[in-house]
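**Q** The primary structure of each chain is shown beneath.
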Amino acid sequence: MGERQGGVIVGLWRRFDSLALRTTLVVLVGIGLVHLASLWTYQHSLTRELDLANQARLADQLLAIKRAVMRVPERERETVAHDMSGGPIEAHWSLSEHAVAGGPGAGEWEALGRRLREVAPEIAEDGLVIGANRRVVDDPHLALISIRLPDQSWINVSLVAWNARVPVGHGTLLSTTLMAIGAIVVSVLLVRWLTQPLTGFAAASKELYRSKEAVLVPEDGPREVRALAVAFNDMQRRIGRLIDDRTQALAAVSHDLKTPITRLRFRIEDVAEPQARASIAADLDEMERMLDQTLAYLRGDRADEEIKPIDIVAILETITDDASDLGHAVSLDGIANARIPGRRLALKRAFGNLIDNAIKYGCQAQVVVEDRPRNVIVSIRDHGPGIAPEDVERALAPFVRLEPSRNQETGGFGLGLTIAHAIVEGHGGSMTFANHAEGGLVVSVSLPKAQLPT
Amino acid sequence: MSRDVAQQAQPIKGLLPSSFEVLVVDDDGEILILVAKFLRSNGFRVHTARSGAEMNEALKHAPVDLIVLDLMLPGRNGLDLCRDLRRTSSIPVIMLTAKGEETDRIIGLEVGADDYLPKPFNPRELLARINAVLRRMRSPDQSSFERSGRAMQFAGWRLDTLKRELTDPRGVVVDLSTGEYDLLLAFLEAPQRVLTREFLLDAARNRSIDAFDRSIDVQVSRLRRKLDGVDDLIKTVRGAGYLFAADVTRG
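Residue numbers (this note's numbering), protein chains in the order written: chain V, 18 to 471; chain Y, 218 to 468.
Misleading hints may appear alongside valid ones.
No more than 25 Å apart at the CA atoms, straight line, and that leaves these computed lysine-lysine pairs for BS3-like [unchecked claim]:
no., chain 1, residue 1, chain 2, residue 2
1, V, Lys466, V, Lys377
2, Y, Lys277, Y, Lys254
3, V, Lys466, V, Lys223
4, Y, Lys380, V, Lys325
5, Y, Lys277, Y, Lys316
6, V, Lys325, Y, Lys316
7, Y, Lys380, V, Lys466
A few chain Y residues that don't get close to chain V, going by computed Cβ distances all over 12 Å [unchecked claim]:
no., residue
8, Asp243
9, Phe255
10, Ser258
11, Ser268
12, Asp287
13, Met289
14, Arg293
15, Arg304
16, Thr314
17, Gln370
18, Thr378
19, Leu402
20, Val435
21, Arg439
22, Gly456
23, Thr466
Hints in this document: simulated from the structure, not taken from any laboratory.
Here a beta-carbon is modelled for each residue, glycine too, at the ideal position from N, C-alpha and C.
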């Protein structure tokens, strides 16, 4: 049971996983506890004070009754006693005592007796019995005080609802509750104000990952946050410089290789043997593809192409037509038009890579375009070995090929998926991999129809 | 000099390519030698230059029909040279570049180049482009449109010849393969005229030498599908070829 409760609390804690929520929760619980404790002590002391005051008043009243009754002749005593009743007490004069000690409220009555003797010893000079009424012994609310007069007669004072206390006003509860609510509101605002920069950091680092461009966070706020912001911006700039350096180096090499490849293309015109010429040309083709993919990878989704409404089906038609012209088994089904905002050449490259992969590793490509309310889904199925779920992450990493044994056969050097993934993400879309029940890999690309932020 | 160049820009020569003179401008000596050798073996008379200054010098002394101009040159680059050249002459220019970014291609065409070839290119591709540009120069009205207007419009559609981009009446960009683009361009250059299969095949093949082995009928049906399946636009003329039925406006 305790364990289950613990589980519930941990679960709840996990659900409240934002800093603002957690702080609010802690403040709420803390203020609640303090609130309850202070309310309890306040009420407790208030009750005590009231009791003391009541007892003192009672003692005074009893003393006054005793003195008054003593002074008058016996036949008037009952009248005087009755006249002096009032409030919670009702006094009568009689020859015998009506109270009997003990009973359900004995402890309390004893305490009351002690107190009365203490405040006004005169009351108890001739004898004092506090207890229940002889006739109604078991009513704890009806205390009966019997005071003996010097002449052995008795004044019996019944105390109605002795335990009834003046209720604590709702005002106290209201004011403390208001105070607590105020404190909570202030703490929520404070926490939000403190955590706002942190949210900014998260957004900036995501943006750095997405666009590979530094989004500097404002360097203000409390000293600690300011220091963090400065360090964070510095880190962003350094990462940016590293990426730029790497990109420039790789781009320079790639560009510089273009001229020698062009020269080689001319030189093989002189190669007489057709067999040798064809294989050199094929090698040059492969080198060119690698350069092209490398440069596309370096460009990432930062291609200088503008976003326009495009027909994604027309792009897929071009790619599948070209592939089938080259003798590959490709098919295209689904809707005839699908309009999305996008970069035409980038998407053509992305889907070209995906369909190329399907042909290379899965012998054929079955492309299906589906129209959904918010997205267009393009799924590409092949009939190859598929990708194990644990390899998906690796397959998306640059320069990784999942099947080293097939390198020679399939060519390429592991950028196709990386580029396609970057382009799809750059369009606010997503790419998922699943293995078809009847074998083969299904790559599903979801592209949003809504306008993209530029 | 400007008058010389302007006069040379109107070559009225025979149809044999052997009589055409080509000026190749590149700072890479090896490329110059190789390209010159290749073009000579294909019947061209070839001049070479390593810089803008050498290019201008060569233009003074030879009746050049076409310039193959590298974009990256020491001193003034290819874009500047092309822009300068266009002020005084309409000699066709094919721009070469190792950059290959889409914007570079567009800028190259905007400063007045007639075509643009990214490195590394295939010798046969260069040859095909040279022939295509020279062929277009032979008919004066066609040579001028490429430079003056960058867009052609028909039946609500629009073809941007700089960006090589087709836009449908709703403003959606429709992708075309190289073959489909060339085919559509051939239709747009000669609307309301019956074009034979041979002519269309030739027109398209001249620009791109890559896999255009599919019969022209397949290409036409693909192009029709891209044009939203509007059969009326491209009409089949039984036994003769095809006819582009819409009116084409330029600019």
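**Q** Non-interface claim for Y:Phe255: all C-beta distances to chain V beyond 12 Å?
**A** Violated, since 6 Å does not exceed 12 Å.
**Q** Please settle this one: Y:Gln370 was flagged as non-interface, so is its CB more than 12 Å from every CB on chain V?
**A** holds (17 Å)
**Q** Sort out whether V:Lys325 lies within 25 Å of Y:Lys380, counting only the CA atoms.
**A** Answer holds: Y:Lys380 to V:Lys325 is near 13 Å, not above 25 Å.
**Q** Just checking, Y:Ser258 versus chain V, shortest CB gap more than 12 Å?
**A** It is violated; Y:Ser258 is separated from chain V by about 8 Å at its closest Cβ, not greater than 12 Å.
**Q** Run the distance test for V:Lys325 versus Y:Lys316: straight-line Cα separation, threshold 25 Å.
**A** holds (24 Å)
**Q** Would Y:Arg293 pass as off the interface with chain V, using Cβ distances and a cut of 12 Å?
**A** It holds; Y:Arg293 is separated from chain V by about 20 Å at its closest Cβ, greater than 12 Å.
**Q** Beyond 12 Å from every Cβ of chain V: is that where the Cβ of Y:Val435 lies?
**A** Given a closest Cβ separation of 9 Å, the condition is violated.
**Q** Measuring Cβ to Cβ, find out whether Y:Thr314 lies farther than 12 Å from everything in chain V.
**A** With a cut-off of 12 Å, Y:Thr314 comes too close to chain V, as the shortest Cβ separation is near 9 Å.
**Q** Verify that the Cβ of Y:Met289 lies farther than 12 Å from every Cβ atom of chain V, and report whether the claim holds or is violated.
**A** violated (9 Å)
**Q** Should the label of Y:Thr378 as a non-interface residue stand, given a Cβ cut-off of 12 Å to chain V?
**A** holds (16 Å)
**Q** Taking the minimum C-beta separation from Y:Thr466 to chain V, is that value above 12 Å?
**A** Per Cβ check, Y:Thr466 is outside 12 Å of chain V; nearest 22 Å; holds.
**Q** Once the closest CB in chain V is found, is it more than 12 Å from Y:Asp243?
**A** violated (9 Å)
Hint compliance for this structure: hints 1, 5, 8, 9, 10, 12, 13, 16, 20 and 21 are broken, all remaining hints hold.
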